[in-house]
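So you can see what is in the structure, the chains are spelled out below.
Protein chains: 2
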Amino acid sequence: MAPKTSPDRLIYMPLGGAGEIGMNAYIYGYGPKDRERLILVDMGVAFPDMDSSPGVDLILPDISWLVDRLDRLDAIFITHGHEDHIGALPHLWPLLKKPVYARPFTAALGRGKMEEAGLSRDAIRVVGPMTPIEVGPFSVQYVPVSHSIPESAALCIDTPAGRIIHSGDFKLDPNPVVGEPWDDKVFEALAKERPIKALMCDSTNVFSKSPGRSESSIGGNLSELIKNASGMMVATTFASNVARLKTLAEAGKAAGRSVCFLGRAMRKMITAGEESGILQRFPKSVTVEEAVDIPRGNLMLIVTGSQGERRAASAQLARGKYLGMELREGDTFLFSSRTIPGNERDIGRVVNQLSEKGVEIVDESGGLYHVSGHANRPDLEHVHRLLLPDMVIPMHGEHRHLREHAKIATDAGIQSVVATNGIMIDLTGDVPGVCGYFQMGRVYLDGTALVGAMDGVIRDRIRMALNGHVTVTMIVDEDGSALGEPWADMMGLPPTGKGGRDFVETLEGDLAEFVGSAGRKILADDDKLEEALKRVVRQVAMEEIGKKPEVTIVISRLSAE
Amino acid sequence: MAPKTSPDRLIYMPLGGAGEIGMNAYIYGYGPKDRERLILVDMGVAFPDMDSSPGVDLILPDISWLVDRLDRLDAIFITHGHEDHIGALPHLWPLLKKPVYARPFTAALGRGKMEEAGLSRDAIRVVGPMTPIEVGPFSVQYVPVSHSIPESAALCIDTPAGRIIHSGDFKLDPNPVVGEPWDDKVFEALAKERPIKALMCDSTNVFSKSPGRSESSIGGNLSELIKNASGMMVATTFASNVARLKTLAEAGKAAGRSVCFLGRAMRKMITAGEESGILQRFPKSVTVEEAVDIPRGNLMLIVTGSQGERRAASAQLARGKYLGMELREGDTFLFSSRTIPGNERDIGRVVNQLSEKGVEIVDESGGLYHVSGHANRPDLEHVHRLLLPDMVIPMHGEHRHLREHAKIATDAGIQSVVATNGIMIDLTGDVPGVCGYFQMGRVYLDGTALVGAMDGVIRDRIRMALNGHVTVTMIVDEDGSALGEPWADMMGLPPTGKGGRDFVETLEGDLAEFVGSAGRKILADDDKLEEALKRVVRQVAMEEIGKKPEVTIVISRLSAE
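Protein chains in written order, with this note's numbering: chain P, 4 to 564; chain G, 4 to 564.
Only chain P is shown next, with the shape it has when bound in the complex (with noise of 0.2 Å):
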């Protein structure tokens, strides 16, 4: 272990993933101050939604501290292929252009992404289990743990300050249906070797009292559902949840059924997942133009769109006809899956637009059909204990959850602190030690642009959504009079003011008084003539129809030629 008196320390900074669930980027860095050699953990994604970004593509983290320090910077291991850690690599990738590391399943997804955004599928490079990689001072070793994906793993970084295990996601799972079973024995053999100074650790369940429930607890209550259902059986999950379609297909297999998967995400998925060779041991399935003949009685469709998503196979369904699959009367529809807050809405819509077909709905069923992918807070206390870290730092969850493991953590006696998204943490003594922040941002893909979240970019559409648009446009001519009236466009904004008056003829009447008897001096200055006809027009509009909209004022000068 390196004395104290080491000039080198060994740091943790999160750059997305702590506080809030999504969009996972740790950093660990050892070496002297400022000069520490980094490597990056996950690259992940969250979701936009239409109160706080809407129209964007996906939510990235803000790497800019890194590529500032791009030089330091020597490799990326992906600890599993789900999107809040893998999602970003095709997208940000560009900027670092580093090694990534991933087990085979993981990089046949990051090479599928990286092949599509026309990168190298070289920049991943396929490591196996418990192998150490040398990377600067870090040597890493990919630890499988159950979750409900493939080959998920957590990482057992050594560097000369000790050992440290970033958990990624995981369950206490003996039977996670895909994947490795969770093994005590690993992870005590790994604290036997060398005692564990830190455990980053996955904080997204702290708030669920009970043990977690394994995978295979759910097949026999999905078997019985199935079997009892008259019609057409249709089941939708995440598409990432590899587990589930296993089981949901086993479970549709043991009642009779043919399988049938539809939605992109999903087969592509299952194509990731055969190609790697992980998914051998799966359920045979037919295709949609095979299923369109089998009788309803005796099919099972699994199908994208668990949260409601207005293109995915379940809304799709919900509204009508699609691939030639219609849904009716004495179907049954299973939601085998959680609800992401914020999602209520457009997954009633669904349950709604199913309820209209006369079609059985069945929900998770408080555990019957659903059990989750995390730990919950007593296998978190269980692996502190295993483990027996010097301290633990909650990762993965929002401010409460991890405010929430750290207590766990205290409470039992372990160092723990709450290192959120910009705070850098210094491993290197007994206790952590904040001894950074940076602000860290958001970054928006936006089409195909990369915008940050306080650019004001999208502030100004969210603006434009809350308060309708006008465009004022006026010409002033060589002598710098006013050439006819002003124009008013507008978008978004009621038609009719008080009294039943047209608002853009009254806006552009009080435009035309206003430019009337404005002095040379106003319409011979653009800023304040823009300032001016902005406050003409939020004046009337506040009058005539309660709001103040965005403004957009084009003058054009006509130049005596």
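Watch out, some of these pointers could steer you wrong.
Claimed, not checked - Listed below are several chain G residues computed to face chain P (Cβ distance under 8 Å; list not exhaustive): (1) M53; (2) S340; (3) R341; (4) N355; (5) R403; (6) D463; (7) T476; (8) V479.
Keep in mind the hints are simulated off the structure, nothing from the lab. A virtual CB, placed ideally from N, CA and C, is assigned to each residue, including glycine.
Following the hints, complete the assembly by docking chain G onto the known chain P.
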């Protein structure tokens, strides 16, 4: 009872509240077909959200069907004072101008609303319980029910074709803290006096399988929690849940704390209660000015904002200081409320901000600190049995609730039908029959304007939020050729396109190129020119930033004067 050969019929049609939770408005009619005399029960609002109604202030039922038949409308009855039953009154009453009936507390709230809107208080007539009001062919009695606001009532509507019970919102609470208890005997007597032809019944909690619990059952839990809290105690609930305000205030008093109400809506509700004499035995509270000087351990705040509303007291306290009050480590914040689907993210924001302050957060804890104001499934079954109506028509619910409620009724051998907004039901015979369908919209209160949900105004705002907005202006001179080059202004779009190019510059370059090569025929035709310029904008934007913005084209033609 009217003989079946009578040409008169008894009809029912929801305008709002059937197919959604909120915006209640139900029509009853009796008389010759298409000449029925009409009454309206409730005029509620629903609340907007960013996904489907950004910038909208309130969602109101579409009463155009009624406005077209105004000569047939005799009266409006409000069952109770919750916003989803009375909120539309000041906005829609001017379109109807008919007498409004309500019990005193409801009338006090309604009169306050009318006054604020500059309308006459006298439109609202105060009625007592169990006192028949004769309007046209109807005789209507207010029958007290327990709910979470004082003087909630069902309506007993007598018509020549039979007696109807319109449940309003209700629960079976023998001790509802405010308002009258539920009384089986009253309803039994009504059914004995005259058989119940139809029960129009609240469906909100049809999926809750255990019997509802009394408001009085949580007082002890609350006192216990508050006694054990060390710092300041803060509790939030709906301001309109007057029962809970009282339960919370009494629990605070019992724990030896002074109670202070924070938030405009809360003070308003309490004032209405005190003025109408309904809250005479309400615990004494202190003002916020007094509260500032009370030691934290002796103080309890009851605040608005249980749904995370940004401007409410909860959110303000979570962000920082509010009216001199500030939360800190060791304080306790209780959500004595349920999360309305769709509000999870807003509530999560408040919770995480409180967590950052070190405040202990307590949620409703599975019913320990909250009970619903609506009847659960067994309670509904009890009421069906009590009244033994010929038919049950479910109301106050989304489609799935109505369908489930109808199933309960038919399973018990009672006729039922799912009637969503705009479906007219003929109740005259033994079986409820659909006798009409009118496409119902929703109306948005947007600022001070009323906008139809399908008018395209809000659709345009949503599009601008998703796609951003570009304004292109160009001037065509007297002889029909372009004067200078087109200008582009953008809002809510990334400034930089592919390869770091300035997006607006690229766009203006391509627009200039197009205009330069465009024939005089296109330049002469506003529609064609506009369409062509739009096409250029969309194409360039797609190439440069991967999005298709909304576009406003302004063509100014200089006339040869």
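Structure-based check of each hint:
no. : hint : in the structure
1   : M53  : holds, 4 Å
2   : S340 : violated, 16 Å
3   : R341 : violated, 12 Å
4   : N355 : holds, 4 Å
5   : R403 : holds, 4 Å
6   : D463 : holds, 4 Å
7   : T476 : holds, 5 Å
8   : V479 : violated, 11 Å
The earlier numbered hints that this structure contradicts are 2, 3, 8.
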